[in-house]
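A.B. asks: With the sequences and hints as input, model every part of the structure.
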Amino acid sequence: MSSSDLPLEVHDLTVAYQKKSVLWGIDLEVPRGKLVGILGPNGAGKSSLIKAAMGLIPPTSGWVKVFGLPIQENLKRVGYVPQRESVDWDFPVNVMDVVLMGRYGHLGLFRRPGKKDRDLARECLDRVQMLPYADRQISNLSGGQQQRVFLARALAQDSDLYFMDEPFAGVDAATESAIIELLHEMKNRGKTLLVVHHDLPTARNYFDMLLLLNMRVVAFGNTADVFTYELLQKAYGGRLTILSEVAEAVRQRGL
Amino acid sequence: MISLRMDAGVVRSHLRRWIWLVPLMMLLGGSISTLQAAKVGDLGELNLKRQAIRFLSFKDPAVRHAVLGSALIGISCGLFGCFLVVRKMALTGDVLSHAVLPGVALGFLWNLSKTPPYPILIGATLAGLLGIATVRLLLNTTRLKEDSVLGIVLTVFFTFGVCLLTMIQRLPTGSKSGIDKFLFGQAAAISSADLWMMGVIAVLAVAVVSVLFKELLATSFDAVYARTIGLPTRWVEGAFILLLAMGIVVALQAVGVVLVSAMLITPAAAAYLLTDRLNRMLWLSALFGVMAGVLGAFCSFLGNNLPTGPFMVLAASSVFACAFLFAPKHGVVTRWWRHRSSTVRIRMENTLKSFYHVLEARRFEGDGVSVLELATRRRETLDEIRGRLKELVDHELVTTEDDRGVAFLTPSGWKKACSIVRNHRLWELYLNHAAQVPADHVHDEAEKIEHVLGEDAVRELEKKLSYARVDPHGRLIPDLAQIQKGLPTPSETGRVTGYGR
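For the protein sequence lines, the chains are A and B, in the order given.
Residue numbering for the first sequence follows this note's numbering, beginning at 1 and increasing consecutively.
Residue numbering for the second sequence follows this note's numbering, beginning at 1001 and increasing consecutively.
If you are wondering where the hints come from, they were derived from the structure by calculation, not from laboratory data.
It cannot be assumed that every hint is accurate.
To be verified - Pairs of lysine to any residue, SDA-like flavour, derived with a Cα cap of 20 Å: (1) K76(A) with G114(A); (2) K20(A) with N1140(B); (3) K1329(B) with W89(A).
C.D. replies: See the structure below:
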């Protein structure tokens, strides 16, 4: 596989906030068409990895390439789903406005979204079953609906590589299964998805590949190879409550 | 809600500033002349009328300048303010507007005169931007949070400006310079050069907001996301701050340093309460800004050139108060009124329901229902029932024969009574069937739902319950089609007899 086919290539990436390192020497090569879960304890640098990969925080050292190019030259092929809490849901916009923002990157400066963009946005809303809510003000949405709107916005971007920051946090069960179905559908269309996740038991079923992170890469590979007691313990080491969760998750798997 | 909270904060901070400006005004001995007209005795009725005519006839060039200038800054402040409000940056606007004061003073010292205004404008813009830069610097290099940093920068810059102004007042030419007008604004002193600048800024504001609407919207809603899709958020933000600073500076002549932030925030906050879309909010806010500006200029002119700023802010605050009270969705009075009218409706529907129950209990024989029967059914006093009946009579749902103490349903009253009972029983059945709620638990829930079920919801329920006829308590559910078909023509007295069996 030539390097320009690799959706994401990270080499020796180190990130520090005010001289305190949060990520050490990350090396990563994510193949195309995979649904990758990023797992790790709190403070492991999961969100930081996404942000650094997207060029939102400057790395101390190392580099990131997206389809063989630095991220700034390839923004259109990358989509981002931020954490739901990162925006003010009382902002005076409706659902359609938010989804249309996914088109802004394609429009370039000064141009307003046209009929084609609206049609596409409607299609994306339909794919997350939110079309009836298109004209709803966003403060009238439930947590799960907010997350679906963010996903519709990402769909409207029509990118090839997606970073998602905890899309399952605080959503209802129906939304969770709708989202995972959507992620699989996207994957089947050849998209590559990196998803920050915090629930161990479900991680095993949801993802093709897992990245275990604890300030450095503990393990990265197919779920079956990575989801082992030893590796999980290594990633979550020393944290008793989570250890028991790991034990439970592994027990369920029948190891 | 956010804007409300901010507005309260702004008002409070203004009050605080006013109070400590009192000794300052005394210090500025020479400037007291501007405030002399505030003595009520001077404002004779004749004078007011004459001034009003002079203002409204628009002949006086000073009036034309004042009105046009105030309207123009109303537009620019209104537009910029929207972005401050939705980005929760109201206090940043406050800092920027106060930080310009030392720049005003230094610009004046450049050639010891207010004319030409360019040194003052340039100095003020630079001082404002320096203030914002200081805020950013402190935020990036210390652990301090934004509110503390804003508080420090605002007061430091403003104090520095006040010191410089005091110095200027002591200069031989200082007291006649009119520099003090920058504190509270004086629309009548707007020169044509000022006017030009206000026009340029207003046109720029409209142009930038319409051309860069998409970029401003995305940056304001979700700046991080905007960066990830490649929008030039830093440029957009920088351009916005620069324009905002220039907008504030040209507004100074009319509104004054102390209150210009209110002209930014109050019209926008009022618009925020009235709409859920940013583009409409921008229109409304600009409109409110113009209204406040012109009204402020008018009042100031009536009072023989009283400071304009306070009047503009009063006008803007009145608009805000109206929005707070009467906004169609969130207004306090509107909400109260909606609640009240729904209480009345529910009360009437409950009484109509009792009509049905009384009639049902006697197998729909006889047509009148006595006040006593209703009172027993509703567990209310006779007087209360008479009051309820009066309400129903007013709505032509019921007729009464007072001497016999008997009431009759009109055709529309009968239809309404049937549909409310039907809503109740359908909902009970639905809860019982679909949600497996025991039959003796469903009544209270249905008491509430019966008043809110719409036509469509009822159709849906009917279908889901496969057009059942009997509720969980074994009573008949009145059928809408039958109600209408079986409804006998009203007799000449307008009463219903037969009750559609």
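A.B. asks: For a C-alpha distance cap of 20 Å, please report whether K76(A) and G114(A) respect it.
C.D. replies: 18 Å, holds
A.B. asks: Does the structure keep K1329(B) and W89(A) at a Cα separation of 20 Å or less?
C.D. replies: Given that 20 Å is the threshold and the Cα spacing comes to 17 Å, the pair holds.
A.B. asks: Need the status of pair K20(A), N1140(B): alpha-carbon distance at most 20 Å?
C.D. replies: 15 Å, holds
Every hint, counting from the list given before, is met by this structure.
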